[in-house]
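From first to last, the protein sequence lines are chains A, B, C and D.
In terms of my numbering, the first sequence opens at residue 1 and continues consecutively.
In terms of my numbering, the second sequence opens at residue 1 and continues consecutively.
In terms of my numbering, the third sequence opens at residue 1 and continues consecutively.
In terms of my numbering, the fourth sequence opens at residue 1 and continues consecutively.
Worth flagging that the hints you see were computed from the coordinates, not collected in a lab.
Mixed in with the good hints there might be a few duds.
[Said to hold, decoys possible] When the alpha-carbon atoms are kept at most 27 Å apart in a straight line, the in silico DSSO-like pairs for lysine-lysine are as follows: (1) K284/A / K208/B; (2) K87/B / K257/C; (3) K257/A / K272/D; (4) K159/C / K192/C; (5) K3/B / K87/B; (6) K87/C / K248/D; (7) K192/D / K159/D; (8) K284/D / K208/C; (9) K208/D / K282/C.
None of the values given here were measured: they were computed from a predicted structure.
Number of protein chains: 4
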Amino acid sequence: MAKTYPNNAVLLMHCPDQPGIIAVITEFINTNGGNILYLDQYVDRVNGIFYMRVEWDLENFSIPREKINEFFNTLYAQRFDMDYKLKFTDKPQRMALFVSRMSHCLYDILARYIAGDWDVEIPLIISNHDDLANVGRQFNIPFEVIPVNKVNKVEMEAKEFELLDRYNIDFIVLARYMQVLSEDFISRYPHKIINIHHSFLPAFVGAKPYHAAFERGVKLIGATSHYVTAELDAGPIIEQDIVRITHKDSVADLIHKGRDLEKIVLSRAVEKHIQRKILTYKNKTIVFS
Amino acid sequence: MAKTYPNNAVLLMHCPDQPGIIAVITEFINTNGGNILYLDQYVDRVNGIFYMRVEWDLENFSIPREKINEFFNTLYAQRFDMDYKLKFTDKPQRMALFVSRMSHCLYDILARYIAGDWDVEIPLIISNHDDLANVGRQFNIPFEVIPVNKVNKVEMEAKEFELLDRYNIDFIVLARYMQVLSEDFISRYPHKIINIHHSFLPAFVGAKPYHAAFERGVKLIGATSHYVTAELDAGPIIEQDIVRITHKDSVADLIHKGRDLEKIVLSRAVEKHIQRKILTYKNKTIVFS
Amino acid sequence: MAKTYPNNAVLLMHCPDQPGIIAVITEFINTNGGNILYLDQYVDRVNGIFYMRVEWDLENFSIPREKINEFFNTLYAQRFDMDYKLKFTDKPQRMALFVSRMSHCLYDILARYIAGDWDVEIPLIISNHDDLANVGRQFNIPFEVIPVNKVNKVEMEAKEFELLDRYNIDFIVLARYMQVLSEDFISRYPHKIINIHHSFLPAFVGAKPYHAAFERGVKLIGATSHYVTAELDAGPIIEQDIVRITHKDSVADLIHKGRDLEKIVLSRAVEKHIQRKILTYKNKTIVFS
Amino acid sequence: MAKTYPNNAVLLMHCPDQPGIIAVITEFINTNGGNILYLDQYVDRVNGIFYMRVEWDLENFSIPREKINEFFNTLYAQRFDMDYKLKFTDKPQRMALFVSRMSHCLYDILARYIAGDWDVEIPLIISNHDDLANVGRQFNIPFEVIPVNKVNKVEMEAKEFELLDRYNIDFIVLARYMQVLSEDFISRYPHKIINIHHSFLPAFVGAKPYHAAFERGVKLIGATSHYVTAELDAGPIIEQDIVRITHKDSVADLIHKGRDLEKIVLSRAVEKHIQRKILTYKNKTIVFS
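Okay, chain A solo, but in the shape it has when bound (with noise of 0.2 Å):
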């Protein structure tokens, strides 16, 4: 039984701050039949920048959604020198998951994602191992193990290449996926790859955050969800939370609780993006509630 989604058109935009945006914006979606489901805007006075995210339902829209776009652009965007992203509810993006050896960010996905919690289809899983193989055939979706290393990563990644290419796939979320990606893969997904880092971000990045926080002796953990960039653990942070420890807790025990906490952030962050509610701007994210 195939799940339905809705039928809604999505805009993101931002441009220079100006009087009547909104309204110029909105009365455009209603005067044309839309009916606005959802509006949050954010005005950066600082920096004049004003952003927007409106949903509307096109049940009753009047122009048909394969002319909005040219509507809209020769409408609006020019004149407000704006930078935008139209997109459609009824097309859910395609998500790859990349997952190595553990186990709980994976699962966290895939039952939100069978409980149907989430507009989003998710075809295909690749691991640089086949431990989690088994999650694949539990949950009836292809587990491709590509064994990359530093030595083979640009063979690895081309094989990694074909099966995104193949699957149709629109954003990645690295799971707990223990490998460096390449410049080249991440140019090829800017800001459609989600990682996350086992640290309060900017605060032990790189390997073994847990190890590096229980020697430095904090009093919190925390994970941290971010696009990927070229530079390691320095891309936009899209959410992070953090839990209390003692001097009572071993790394393993930072490692133990830490799960629980990479799991939620990553999971919250991957529905901001699935939700279409993440703007991205210098090396920041806009999240609207």
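Given chain A, work out where chains B, C and D should sit, using these hints.
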């Protein structure tokens, strides 16, 4: 009307772990008529170290207080290769506050002090500016302005040492004091100087952490209280906490939101220090509940 | 040296939702030379109600401030069936504090006030005890002792009304004031009295919530700031927060840990009220960020 | 490949407080060659009760495991008027899951189980609906549909008892099971049934707590895991947590946000139960870290 303080002994100790230490010490206290009010212990099983804090009522304790240390040392300290401190709660510690221009931490501490929440005496406030002199007058506490800067630091710190000695200061709280202490200063008060840093250390060490947090686009800001050591912002962490922020928050908003965090995180640390519930080892703390 | 306040107008409004309201109002402000500093809106799509807060700089606004209300009312309020308030920030609200014997909320508020964090005036403290009279002296604020009890409530509240009128009080903060106000009192200050209740309402309504929390064995304690209405502890909630406790905490520990929670949760609510960022509807609040 | 479990003994005990209990018991373990891996204790000084949990490695323990209880009972239990349980970790507890239609708690638990995070066996899932039967198949766990309702409860619970006996179930987790158990059922599993309630108890007892929370206009929603007792939602609380909400959140948003809270709060409680780190007394819990 002078405040009266409880007549208890507090033993803080650590030693190589071995069976029976708790038994031996609790029996020592009990058989001599001491009523144990608090006992907390922690075993670092990796390094084989036993840590304990025990507090007992001296009311009916048969060993004279001036003899307890001698007895304890002879009977147990050498036997267990123990590192310990013995303190008496009827002699409150004397705390000096160092401030600059911001009053939120200062008021938070003095409000607790004046309400009698803490068994401490605060006979001295030192500042490098006179902005907050009126707060000293409000609470009837000597407020000394020592306009230290990078050039005159040796000379000015000499004045500070003189004041700290004159007022018999046991420990120092840097309540948003915007000067770096010299190594000489720090070495005179080992694990006796508590600072509040306005970031979740080790992220954003040094000056202007809120600006750095804003630039990085974090979704949480933090504050960290720690003992001051020779390396800047690198001493043993006592307490940390965070507050959630969003893309809507400017640097000014971070500074504003951070103030509550700073004062609470600093006061929690000061309280634990006053209660003698903090043990330090290597560069970490054990903070008993 | 008198504090100077910004010369802004603040419009708080709600009306039946329809397209173009934001546009019309922002155009009104912009075409008349007003610089919008803040705009936040919320649409309750279930009930079809539009809520907005907009603040603009009057420096170059061409409509005289005493005429703005008339213009706005004539042009827009009737057209949109709008319920609105128009306020000016250069005339700070006047706040009275009601206290009993505990000082932590009182100091927290006065420390913010004296530091200039809030655009408010605090000309009056009323208490049913004289314990905190010295705090009034410290901050040079009239401190009136009105020893109200159940028997003399009518008579004593009459004195309070006289004081509140004499000092031109706009709103009242019950900073751990341990008396229940009469219905008559409450009806004179609708949504103008902010209370702090020391539980996460609606749990533990009424007296001694920490004792009740201890009895129930909860693992979190909370505090709730709310507008006072006729029904005890049942008014619109403005802000809540919690702190974690354990089986080790006695009732005294809960009371101690709760104090920080109470003062922060109350001050957050007072700040939002001062900033005129709270809208009430039915028995709930919209709190703009 | 069967999982192997550690060969440890766990002693959970409480007795009237008196000096030397820790010493006596740790000496008993140590002199007989047991290596203590964990010891935590708590003294309720108000009621004079001593609680302890101690776990030791049996590898070189000289007393045969089948004799430990007898020895311990004879030597210490009567002497100290002790109430105790002695358990062995190599025999994992057997847990049954009760579910209805929502899968989030079920998947969260099974993902931990399958990853080997918990020393437990889950041989049985019981549901009053067949919606989640596929999850049983995914994880290869018998999934029994018992369509209990108010009318047939006695008959259906008899079937459940038969299943629970057949599978040698030690304790039961209600993972969003939407049926109230009979008193007979509850009395068969005293402090052996863990429930998750989707509010911060004692607020919003009973059905539809998110709707009630929405109506009340709270700013935090919570979840509470507790042992089931005869009175609905009134058993000993094991764990609670909250998440912040705003006026923007609809009931559907609360339900959505609450799911992560529910699953984490339930799993934390189940983990502590599996680790035998929970002691109950009166209607409260001691939860060791």
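Broken hints, by number: none
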